[in-house]
Amino acid sequence: MKDESIKRLLQASQLQPSEDFTSQLMHELDRQIARKMRVKLYLLMAGISVFFVGIALALIASGFSFRAFGVGGALPKVGTMMGLSVLAFLLLNYVSSLAKLAGTA
Amino acid sequence: MARLDPEQDRALIERVQQGDRWAFQQLVEAYKDEAFSLACSIVKDTSLAEDVLQEVFLKVYDKIPSFRFQSSFYTWLYRIVVNRCYNELRKQKRRFPFFRKEEGTIREEAAVRVDTEDLKTNVNGALAQMKADEALTLRLFYLSELSIEEVEEVTGFSKSKVKVCLHRGRKSFAQILKRQLGKEIEDL
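Protein chains in written order, with our numbering: chain A, 1 to 105; chain B, 106 to 293.
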């Protein structure tokens, strides 16, 4: 069989995907882009939470340090309690962000 | 839609890199038919080929910001299609080591029966019965009109393997068509 015949036959018999292939693909692309945006948002939220967790831990540590250096009274207690409550709140927030992220990704 | 020339490709790709979705749609329209034919050469199943192609185009959209025009867009795209299809084939073989073989035989018989209907079905039936490497090489060389070097780049085969696949592919393509069409093949 000649090269020209093979070329002609193959070009005349080219396969095509279904008619709505492109529209389905663009729809899937939109979904993928939206999913990525959500993942980025949740990661940002998680990052911010981690930052505040750091601050809360610093507050707790400072409360203990005050006591260690003999500073009594309400100040160390307030520091520790504030730190613990911020930490608890942020941990809850962090867990819910991760749960959402796991559901999306 | 016919394949675009390199300048059109470049203009569209640059627009896609800036986030233009419409330009991406144009690229898909231009390349989906050839890419689909190549995928069918390997996976031999149109619905699976369509799924693979969708994944490939989504990956292309992801990776296109890092495309640096060091090769032509179509060789880059076809390389992704070919790699993805061979991976899928390996996955299918692992999952259904015996089933795929039987399914292939059934499909070949069906193709021979149905293929007297028209030339297009006969040609695609013949390609479906050929080995994936040979059908792929034949389509890249004759349908996509790539040079031997470009076929090497897309498939990752050596030059000698490309030549052997082309030689064997031409031979088995003609034999299968002859078996299906008989003397009619001499008029083609």
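Just so you know, the hints here were simulated from the structure itself, not pulled from any lab data.
Note that the structure is a prediction, hence the values are computed from the model and not measured.
Some hints here could point you the wrong way.
Unchecked claim - DSS-like, lysine-lysine: derived pairs with alpha carbons at most 25 Å apart:
| id | chain 1 | residue 1 | chain 2 | residue 2 |
| --- | --- | --- | --- | --- |
| 1 | B | Lys236 | B | Lys276 |
| 2 | A | Lys2 | B | Lys225 |
| 3 | B | Lys225 | A | Lys7 |
Honestly, which of those hints from before does the structure not fit? none
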